[in-house]
Structure formats: structure tokens, C-alpha cells
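Q: Each chain, letter by letter, is given below.
Number of protein chains: 2
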Amino acid sequence: MNAPDPHAATRARIADAAEELFRTLGYQKTAVADIARECGMSPANVYRFYASKSAINEAITQRLLGGLSALVEEIAAGPGTAEERLRATMVEMHRRDIALFFSEKRLHDMVTAAMTEHWGVIERFIERVLGAWADLLREGMERGEFARRDPEATALTLKHLTMLWTHPLLIADCLGRGVEPEELQRDQAAALDLVMAGLKAEPC
Amino acid sequence: MNAPDPHAATRARIADAAEELFRTLGYQKTAVADIARECGMSPANVYRFYASKSAINEAITQRLLGGLSALVEEIAAGPGTAEERLRATMVEMHRRDIALFFSEKRLHDMVTAAMTEHWGVIERFIERVLGAWADLLREGMERGEFARRDPEATALTLKHLTMLWTHPLLIADCLGRGVEPEELQRDQAAALDLVMAGLKAEPC
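Residue numbers (my numbering), protein chains in the order written: chain A, 1171 to 1374; chain B, 1171 to 1374.
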């Protein structure tokens, strides 16, 4: 068993205060001094726990994506056919992304900053989701729901094909052009119909 | 018959000079004065033909996308099965996008500017491509190559699914992260295999 991190509670408290400020003020407009004030401590004390605002963002992004990948794994381990669970993970990830960009527009620049500064965190998230998808595909193939294909390669192809509904840049671009979330969801459902038909069909 | 535009030759000459400068200097760094100098005319004279640098960009983007949609229509009207031609239009569009971003990185900010300032030009391009795809899908369904689905709705779904290989933001993002063009092309081929299997399979 790992020894508990004695600083974990303080780190979480700083991350909570920062996340709240990023949501209300915006990432760019929030200074470490603001975060310190919210926590009732000095900026110097915040810097004992995080080297920079960017490091706080990294912790928040890790927490956010950790929660999302746990949810994906929970759906994957739940009831239903492999197809139903695969679809549900995609629908749920898209729903969360929409919530992030639609209800909480101010988090957008935080996510954008994370995508340039902390790609490693995002890469680990993608790896976990691809792992859950590959398992679901393998299970679906064994049950005879899906035709036989390489599960890992196919999981990667699914990621590429469903980019429009998960990539923050694209979702922000769509919503910025006035596309309604409901339209995006309908488009996703139609696309998943075609993709699932492909997964069931023998490779040509 | 429309009367020929007496200014067409001069407008094309200005657009040629501007495109060359955008390629070598970059869009942001090129001033209307530079374009005028290249054409051996005064800036005031350039403004007789184009209201702004942005209007010159609009004309260049229109020309570039006009050529690309003509190529897509040519492939669609050419020999081969509907599947072969559908794939060829997608492969060719991706190849052109890669060339634009890989060999001619400086055109990137021109395209980005066009995407925010002249969305109408891009929308008309998308409409033409979707029209060509819907025709190919209809033909493939009539020949029994593809299962019956709504051709227009399916063309739109194809656009959504293949976003990664055509959307300038995503291509630039991939190449910026060091993904090799060859890898993108292999990924596209794998994705199109799955999509084509889906188009051939009866809707579930």
C-alpha cells in the first residue's frame, strides 16, 4: 500500500478553488494570487504545492479526465450487448464534452491550454478509452455480435471516425457556428448506426 | 451568355501575386502594398479591384476550393465502381489538404482566416462535395453495391465521419504533433474500409 500523500488534501483544496475560478473568471484571467486568496493562503504557499498555474491546470485536467475514463470503464463493465455499451461510452463522452463547452464556456481556454501544455495527460486518457473499446470489441467478436477484426486497430479507427463528437476543437468550432447540441447528437446517432453496421459486416 | 468581366484578367493577376506572397511571406505578414508592388501598380489601384486583403483571400480560397470541387466531380463522373470513386474523392481531398499544410505551411493562416471570414465560400464547397457524394451513393445503391439508405443524409454522415482527414484544423493539429502524413493516409484507408463495409450492410 502506498503511504497517503500528506499534501493531498491541500492540493485538492487548491485545485477546487482554481477550478471554481477558471469556471467563473476564465483560465487566462485567473492569477495564482486569486487562487491563493480563495484558499486563504499566500501565493508563496500555493507555489509550495504547485510550480505554476499551468501545473494546477494539469491537476484539474487529470482529475476531470480521470473521472471520465472511470465512467467509460464503468459503462463497458455494465449490462447490455457489446454494441449497446460501445455506443453508450461514445454518447456519454460527447454529452460530457457538450456540457463542458456549452454550459461552461469559460472552461474552454483551460482545456485548450491543457491540450497544448499537458498532452501527456490527454494521451493517457485516450489510452484508457481505447483499451476499454478494444475489450468491448473483442467481447463483441467472441459473442458473434461483431465480425472479426483486430480489436486494437479497430478501436483506433473508431476514435478517428468519431473525432467530431469528442475533439474539443471541433465541438467548440461547431457550437461557435451556431450548431445546436441536439443536432450534433442526432448526427452522432446516425454516424454510429453506419459504423455499427460496418462492425457487424465481414471485412470486404 | 454572360458578358465577360472586363476586369477578370487584372483581378486574376492580383490574386496570383497575392497567393505567391501568401505562400512565401505568409498571409498575416503580407500587406496590400506588397501585392501592389508585385503587380507594378499602386495600392489605390489594387483597392479598385478588391476592397481589402480579406477580399483577395476570399477570391483565392474560392479559386482553390473551386478547383478541388471540380476534381471531386471529375472523379465522381469517371470510371470505376461507386465505392472506388467515393474512396478516390476522399483520398484525393486528403492528399490535397496534406500538400497544403505540409509543403506549404505558410498558407495555413490564409486558410484559417478564410474559415473565419469567408465561411460562405467554404459552405458552397461542402455543398458541391456532398452533392457529388450523394450522387455516387445513389448510383451505388441502384447498382446494388451499397444497401439502401437516404443518399443525402448518408453523404452528410460521411462528411462527419471523415472529418479528421479533411478539416484543416485537425490536419494542422495532427501534423503539428508530429504525426506523419503516411500514418494519416494509412489511418484513412483503415477507416474507409470500415465505412464501406457499413455502406454495403443493411441498416440494423
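Hints were generated in silico from the structure; no laboratory data involved.
Bear in mind the structure is a predicted one, so any value in this text is a computation, not a measurement.
Hints may be right or wrong, so weigh each one.
Which copy is meant is left open, so a pair is good if it fits within one copy or across any two.
Stated by the list, open to error - Calculated cross-link-like contacts (lysine-lysine; reagent style DSSO-like; alpha-carbon spacing at most 30 Å):
id, residue 1, residue 2
1, Lys1370, Lys1275
2, Lys1329, Lys1275
3, Lys1223, Lys1199
4, Lys1370, Lys1329
5, Lys1370, Lys1199
Q: Which numbered hints does this structure break?
A: 1 and 5
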